[in-house]
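Between the sequences and the hints, there should be enough to build the whole structure, so can you do that?
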Amino acid sequence: MLAADFLFAKGFEIVERNYRHKRSEIDLIVKKNNWLIFVEVKMRSSDAYGYPEDFVDYKKAKNIIDGAEEYTYQQNWQGNVRYDIVSIRDQHGEKEIVHIEDAF
62 MLAADFLFAK GFEIVERNYR HKRSEIDLIV KKNNWLIFVE VKMRSSDAYG
112 YPEDFVDYKK AKNIIDGAEE YTYQQNWQGN VRYDIVSIRD QHGEKEIVHI
162 EDAF
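Using this note's numbering, read the sequence shown as starting at 62 and increasing by one per residue.
Because the hints were derived from the structure by calculation, they are not lab data.
Keep in mind the model is a prediction, meaning the values are calculated, not measured.
Backbone N, C-alpha and C define an ideal beta-carbon position, used for all residues, glycine too.
Careful, some of the hints might be misleading.
Simulated crosslink set (DSBU-like; lysine-lysine; CA at most 30 Å straight-line) [said to hold, decoys possible]:
id, residue 1, residue 2
1, LYS123, LYS83
2, LYS123, LYS103
3, LYS71, LYS92
4, LYS156, LYS92
5, LYS156, LYS120
6, LYS123, LYS71
7, LYS92, LYS103
8, LYS120, LYS83
9, LYS71, LYS93
10, LYS93, LYS121
11, LYS123, LYS156
12, LYS156, LYS71
13, LYS93, LYS83
14, LYS103, LYS93
15, LYS103, LYS83
16, LYS92, LYS121
17, LYS92, LYS123
18, LYS93, LYS156
19, LYS71, LYS121
20, LYS92, LYS120
21, LYS103, LYS120
22, LYS121, LYS156
23, LYS121, LYS83
24, LYS156, LYS103
25, LYS123, LYS93
26, LYS103, LYS121
27, LYS71, LYS103
Taking CB as the label site, the calculated pair distances span [stated by the list, open to error]:
id, residue 1, residue 2, range
28, GLY154, ASP127, 34 to 44 Å
29, ILE126, PHE69, 21 to 31 Å
30, GLY72, VAL142, 16 to 26 Å
Pasting the structure below:
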């Protein structure tokens, strides 16, 4: 997965991929320092209708947060939590990856 490789290269530890709980699906769960980070990955082949990150709406963010709360409870996580977006744009065959920290 392109986003996981990108984050790994930036020093993040990949903890989970495609975590599911009820209606929630979290693309990536990563760690860095004392942070557990829940990552939504969005990819678009065109900016014609907006950037990939524009497609994370309130409902999607709430579902991710609900899943993250369950995950942190199951893991007894006591550290910091953050919600990021990795936006992947296909610009004429070239992939542009943007990491948006603390996105919601």
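### Query
Is the Cα-Cα distance between LYS156 and LYS71 30 Å or less?
OK: LYS156 and LYS71 at ~17 Å, within 30 Å.
### Query
Taking only the CA atoms, is the gap from LYS120 to LYS83 under or equal to 30 Å?
Holds. LYS120 to LYS83 sits at ~14 Å (cutoff 30 Å).
### Query
Do the Cβ positions of GLY72 and VAL142 conform to the proposed distance bound of 16 to 26 Å?
18 Å, holds
### Message
Please verify whether LYS121 and LYS83 have alpha carbons no more than 30 Å apart.
### Response
13 Å, holds
### Message
Would the hint linking LYS103 and LYS121 be met if the CA-CA limit is 30 Å?
### Response
Distance of about 12 Å is within 30 Å: holds.
### Query
Within 30 Å, alpha carbon to alpha carbon, are LYS103 and LYS120?
15 Å, holds
### Message
Check the hint pairing LYS123 with LYS83 against an upper bound of 30 Å on the C-alpha distance.
### Response
Answer holds: LYS123 to LYS83 is near 13 Å, not above 30 Å.
#### Entry: Satisfaction of hint between LYS156 and LYS123, Cα-Cα up to 30 Å
Holds - the C-alpha atoms of LYS156 and LYS123 are around 28 Å apart, at most 30 Å.
### Query
If you draw a straight line from the CA of LYS103 to the CA of LYS83, is it 30 Å or shorter?
Given pair LYS103, LYS83 holds - Cα atoms ~21 Å apart, limit 30 Å.
### Query
Does LYS120 lie within 30 Å of LYS92 when you go C-alpha to C-alpha?
Status holds; Cα separation ~24 Å.
### Task
With a cut-off of 30 Å on the C-alpha distance, tell me whether LYS103 and LYS93 pass.
Satisfied, since the Cα-Cα distance of roughly 21 Å is no more than 30 Å.
### Message
Taking 21 to 31 Å as the stated bounds, is the beta-carbon spacing between ILE126 and PHE69 within them?
### Response
The hinted range 21 to 31 Å holds for ILE126 and PHE69, with Cβ atoms some 24 Å apart.
Hint compliance for this structure: no hint is broken.
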